[in-house]
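Participant: If you want the building blocks of each chain, they are given just below.
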Amino acid sequence: MNWSSTEQFIAMGGYGFYVWGSFLATAACLAIELLLLRARRRHALQQVRAERVRHEAAA
Amino acid sequence: MSTGLIHWFRYASPQSFYPLAGRMVPWFAWLAGLSAAAGLWIAFFVAPTDAQQGESYRIIFVHVPASWMSMFLYLVMAGWSGLGLVLNTRLSGMMAHAVAPTGALFAFLSLWTGALWGRPTWGAYWVWDARLTSELVLFFLYLGYMALNAAIDDPRRADRATAVLALVGVVNVPIIYFSVQWWNTLHQGASVSLTRAPSMAATMLAGMLVMAFAFWMYSIAAALARVRAIMLEREAHMEWTHKLKEAEA
Numbered sequence: 001m002n003w004s005s006t007e008q009f010i011a012m013g014g015y016g017f018y019v020w021g022s023f024l025a026t027a028a029c030l031a032i033e034l035l036l037l038r039a040r041r042r043h044a045l046q047q048v049r050a051e052r053v054r055h056e057a058a059a
Numbered sequence: 060m061s062t063g064l065i066h067w068f069r070y071a072s073p074q075s076f077y078p079l080a081g082r083m084v085p086w087f088a089w090l091a092g093l094s095a096a097a098g099l100w101i102a103f104f105v106a107p108t109d110a111q112q113g114e115s116y117r118i119i120f121v122h123v124p125a126s127w128m129s130m131f132l133y134l135v136m137a138g139w140s141g142l143g144l145v146l147n148t149r150l151s152g153m154m155a156h157a158v159a160p161t162g163a164l165f166a167f168l169s170l171w172t173g174a175l176w177g178r179p180t181w182g183a184y185w186v187w188d189a190r191l192t193s194e195l196v197l198f199f200l201y202l203g204y205m206a207l208n209a210a211i212d213d214p215r216r217a218d219r220a221t222a223v224l225a226l227v228g229v230v231n232v233p234i235i236y237f238s239v240q241w242w243n244t245l246h247q248g249a250s251v252s253l254t255r256a257p258s259m260a261a262t263m264l265a266g267m268l269v270m271a272f273a274f275w276m277y278s279i280a281a282a283l284a285r286v287r288a289i290m291l292e293r294e295a296h297m298e299w300t301h302k303l304k305e306a307e308a
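Chains as they are written, first to last, in this note's numbering: chain A, 1 to 59; chain B, 60 to 308.
For the record, the hints were derived by calculation from the structure and aren't laboratory data. Note that this is a predicted model, so its numbers are computed, not measured. Every residue gets a Cβ at the ideal spot worked out from N, C-alpha and C, and that includes glycine. Keep in mind that a hint or two might mislead.
Unchecked claim - With the C-beta cut set under 8 angstroms, the calculated list includes, among others, these residues of chain B facing chain A: (1) Pro107; (2) Glu114; (3) Arg117; (4) Ala125; (5) Leu164; (6) Leu168; (7) Thr172; (8) Arg178; (9) Ala281; (10) Arg287; (11) Glu292; (12) Thr300; (13) His301.
Based on the provided sequences and hints, a complete structural model is requested.
Facilitator: Next comes the structure, spelled out in structure tokens:
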């Protein structure tokens with residue numbers, strides 16, 4: 001085990017800003033991508049529904 | 060033999076690939092989550108403190124996998140682009156477009172985490188070094204690819220134009236990879252190579268490889284989820300999308 005306390009873990013030997021800045025930015029970017037993907041899927045499904053309604057109206 | 064071929068090509072149509080991709084996404088997502096948890100555990104609790112760099116070296120566990128993925132995904136994107144130009148299948152262009160945003164994300168993360176690692180070790184967030192500059196070019200290639208795709212209304216024309224851009228830009232990938240050998244750079248050489256033993260502790264290497272696997276699985280899940288959305292967008296006028304259960308009002 002590298003750390004004897006939570007404070008030590010957060011401090012990262014004085015490099016906390018750089019280490020957490022890297023890991024948290026990575027986590028945030030991936031989370032944002034997943035949210036954007038969900039929004040894109042919902043939007044695409046709305047497009048499909050709108051097209052289906054148009055098709056049924058035309059038929 | 061002939062039936063095998065037919066089965067294989069069957070999945071080249073969006074209509075049959077859409078449900079298949081939908082079944083694969085959760086598997087890759089779970090693999091990504093589990094391996095990321097294991098990788099982070101190794102990165103913070105198993106791998107020892109570095110003798111020279113102290114704890115700052117732990118950035119390696121996201122920096123190297125993100126950089127690998129940014130280059131690898133570009134090759135995947137260029138591969139699908141080339142296939143699309145040759146075979147002219149609908150799926151190829153969609154797959155190439157599905158990979159691009161995730162690749163751009165990893166190129167950005169490579170630069171970002173590299174900057175945060177460069178400051179404590181080199182004393183600068185950024186230097187115009189061959190490795191850094193060529194990675195920045197890679198990021199701009201991804202952005203240019205996506206901008207070009209968004210600028211052309213006709214999807215089939217957009218597929219061809221972006222495919223050419225992707226294939227021209229692929230020359231940048233070996234430049235990034237070999238930049239540390241070809242030029243005298245501040246960036247260190249490869250810590251892991253196929254031809255010699257890795258120059259790092261076994262647990263550090265293990266953590267890096269597990270994180271790389273996690274990013275790999277994440278990328279596949281994200282690209283498959285995105286290609287499903289692209290299929291719906293492009294084929295919203297076609298009957299197969301209207302019959303989907305999730306498209307019911």
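Participant: Please go over all the hints and tell whether each is borne out by the structure.
Facilitator: Going through the hints against the structure:
1. Pro107: Status holds, d = 7 angstroms.
2. Glu114: holds (4 angstroms)
3. Arg117: holds (5 angstroms)
4. Ala125: holds (7 angstroms)
5. Leu164: With a closest approach of 6 angstroms, the Leu164/B hint holds.
6. Leu168: holds (5 angstroms)
7. Thr172: holds (4 angstroms)
8. Arg178: holds (6 angstroms)
9. Ala281: holds (6 angstroms)
10. Arg287: Holds. Min distance 7 angstroms.
11. Glu292: With a minimum Cβ separation of about 5 angstroms from chain A (threshold 8 angstroms), the hint on Glu292/B holds.
12. Thr300: holds (5 angstroms)
13. His301: For His301/B, the interface hint holds, since the closest Cβ of chain A sits about 4 angstroms away, which is under 8 angstroms.
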